[in-house]
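Number of protein chains: 2
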Amino acid sequence: MSDRISDIGEFGIIGRINDLLKKEGFLSERVTLGIGDDTASFLPRPGFELLVTCDTLVEGRHYLPESISFFDLGRRAMVQNISDIGAMGGRPLYALISLGLKPEIGVRDIEEMYRGFLRELNSLEAAIIGGNLTRTANGLFIDITLIGEVEQGMAVHRSGAKPGDCILVSGFPGQSAAGLHLLLQGQNNPRILSHPLVRRYNTPSHRALLGRAIGQSGLATAMIDISDGFLGDLGHICTESRVGAELFKQKLPLSRDLLRAAAELHRDPYDLFFGASDDYELIITCQPQNASLLQAVSKEHCPDPLREVGRINDLPGGITLQSDTDGDRPLVSSGWDHFR
Amino acid sequence: MSDRISDIGEFGIIGRINDLLKKEGFLSERVTLGIGDDTASFLPRPGFELLVTCDTLVEGRHYLPESISFFDLGRRAMVQNISDIGAMGGRPLYALISLGLKPEIGVRDIEEMYRGFLRELNSLEAAIIGGNLTRTANGLFIDITLIGEVEQGMAVHRSGAKPGDCILVSGFPGQSAAGLHLLLQGQNNPRILSHPLVRRYNTPSHRALLGRAIGQSGLATAMIDISDGFLGDLGHICTESRVGAELFKQKLPLSRDLLRAAAELHRDPYDLFFGASDDYELIITCQPQNASLLQAVSKEHCPDPLREVGRINDLPGGITLQSDTDGDRPLVSSGWDHFR
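Residue numbers (this note's numbering), protein chains in the order written: chain A, 517 to 856; chain B, 517 to 856.
Note that these hints are calculated values from the structure, not bench results. Hints are not guaranteed to be accurate.
Which copy is meant is left open, because identical chains are indistinguishable; a pair holds if it fits in one copy or across any two.
To be verified - Calculated lysine-lysine pairs in the DSBU-like style (CA-CA distance at most 30 Å, straight line):
hint : residue 1 : residue 2
1    : Lys539    : Lys678
2    : Lys815    : Lys618
3    : Lys678    : Lys538
4    : Lys815    : Lys539
5    : Lys538    : Lys815
6    : Lys815    : Lys767
7    : Lys767    : Lys678
8    : Lys815    : Lys678
9    : Lys539    : Lys618
10   : Lys765    : Lys815
11   : Lys767    : Lys538
These numbers come from a predicted model, not from an experiment.
All chains should be modelled from the sequences, with the hints used to inform the complete structure.
Structural data, given as structure tokens:
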């Protein structure tokens, strides 16, 4: 059996991927044409809007090849797209996978990457229906387009937050950033890959089922997933909704793991919480009287509670941190920027 | 005004692209959410299947950066996707643009690339509704996902060719390959970029309107666009339809430009015609009694006639070249393979 892509060629590897998807992937009966033609095709469901998103992982930029398996890389690339569909209140349906590959990559590595994709898609009854393979000279890239659906008019946008709304957050933001810093600092430590926060960085979870349930409740005024960091993504809600926000320092969910990692890294845990971190948690806004209802919805889908961490106000663009002990101070909303 | 992406950052360039699309792009009223949220969304039309395809251009691999403008690069990247939708008999609707960029690229270069995308999309009333920007260390890539629609059950697949069917081809395949060879050979000649075949390689046309008309006629049994080369793509029809093909050497459309270029390049013009070449012409199969009807359909959309060049037979996998002067010989179906 051949071992490298260059041994079996483009059509060889497409055949192997196709076989794997037929055996191990979810097959959707609304797909009228899968891999192997000029396009794929499917029948949309009446009464639903379609959601489309794409996201890319670039070797050396979004992941360190020596620190992650191909299986986990596949999971991670898919999670970031599933997370976007979930943050609209939608359900993922179909993925297109565009890969830039070096010919010396092993065929089994590619198969493992596809198993990583399927690990995330199968349980959601979502299917890979197409894609593209191309050769790169310099490092791998994975670009995924994910198509989802949501009942017409039920998508939760970033732009709906109103002054007076509560700000809720799922889980414990900042853990992914802490994991990345631990990984970079501990590159010579073989056990670093099993650190819980490094695992969180390498193989994050999504909150798509929670996002879907929140969307279905009709109670959220805005929602976003955290991929640019808590402050960056709350900033996106503020910009798109033309509002500002106040955060309550003592209510921010800093996990024990994060506090421990911050001490080890000699960093302020709040910097890790607020800064660039792709945690794929959700930030949600709602009218105050609906906060406890959304927290009850969350309990069914998420082991960690949905926490109320602040309020939306009518001061566009500003985010303020209120503290019982230190008074108020403005925060600078600076999400992850690829080009600075 | 800033000049490089690194000067205005990721959100700066997203803002500039968004402004450009609002001013210069087609706006579809079925798009319920455009750029600026976790996903884009649109309302599909009842009675239509959706078609999805993606294709990538990688710097140095699919194009030579010093030989093509950003505007033409945008056109070319979009044409290869439009061509795929057209080859199904569909109509392009929505594009997602995923770019891997170096921070030193000029903002105006990116705007020119988007103008190239729009040059191809606007006349088809198709819109850019989303995408992703990421940073690469090593060269640009453009990955486009294009979504189209076709009346339910009217898509023309690769798999429908039957023994006895005619094989038709639009235009003059091989010209793009000749253009690429001329470009590679004439890199020190500044006038080489205005050679008609080099123009064909750098800024190919698509036959999407022809493909759509052929699909609507209901007369084609199979259709494919030529992106792997004539023989490679006819080979895809044969494989998917489990048939073989005979080609008539004296009927193959070799353009005068191709013959002249072949002489200049000291190459067999038939090698250029058959081999890897992304001409974005269409190969169509149909029952013999429908060939002239399809040729009449073609006249309305295409200056060059649709030529009958062979027959489908029941010998799966084999493609034979029949010649009045040299007898028959088997051809090896070897399309463009990125990894060999």
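Which holds for Lys815 with Lys539 at a C-alpha limit of 30 Å: within a copy, between copies, both or neither? Classified as neither: same-chain Cα gap 35 Å, cross-chain 45 Å, threshold 30 Å.
At most 30 Å between alpha carbons: which applies to Lys767 and Lys678, within, between, both or neither? Within. Shortest intra-copy distance 21 Å satisfies the 30 Å Cα cut-off; inter-copy 69 Å does not.
As a check of your reading, is Lys538 near Lys815 (CA-CA no more than 30 Å) within one copy, between copies, both or neither? neither (35 Å within a copy, 41 Å between copies)
Should Lys539 paired with Lys618 be assigned to within, between, both, or neither, using CA atoms and 30 Å as the limit? Within one copy only: 26 Å inside a chain, 39 Å across chains, cut-off 30 Å.
Can you give me the call for Lys815 and Lys678, within, between, both or neither, at a CA distance of at most 30 Å? Within one copy only: 25 Å inside, 58 Å across.
Tell me, please, which holds for Lys539 and Lys678 at an alpha-carbon limit of 30 Å: within, between, both or neither? between (48 Å within a copy, 29 Å between copies)
From the Cα coordinates, with 30 Å as the cut-off, is the pair Lys815 and Lys618 best called within, between, both, or neither? The answer is neither: 44 Å in one copy and 44 Å across copies each exceed 30 Å.
Within a copy, between copies, both or neither: which one fits Lys678 and Lys538 at a CA-CA cutoff of 30 Å? between (47 Å within a copy, 26 Å between copies)
Within a copy, between copies, both or neither: which one fits Lys765 and Lys815 at a CA-CA cutoff of 30 Å? Classified as within: same-chain Cα gap 23 Å, cross-chain 71 Å, threshold 30 Å.
My question is about Lys767 and Lys538: at a cut-off of 30 Å on alpha-carbon distance, are they close within one copy, between copies, both, or neither? neither (48 Å within a copy, 41 Å between copies)
Using 30 Å as the alpha-carbon threshold, which applies to Lys815 and Lys767: within, between, both, or neither? This pair counts as within: shortest intra-copy Cα distance 18 Å, inter-copy 70 Å.
In summary, the structure is inconsistent with hints 2, 4, 5, 11 from the numbered list given earlier, while agreeing with the others.
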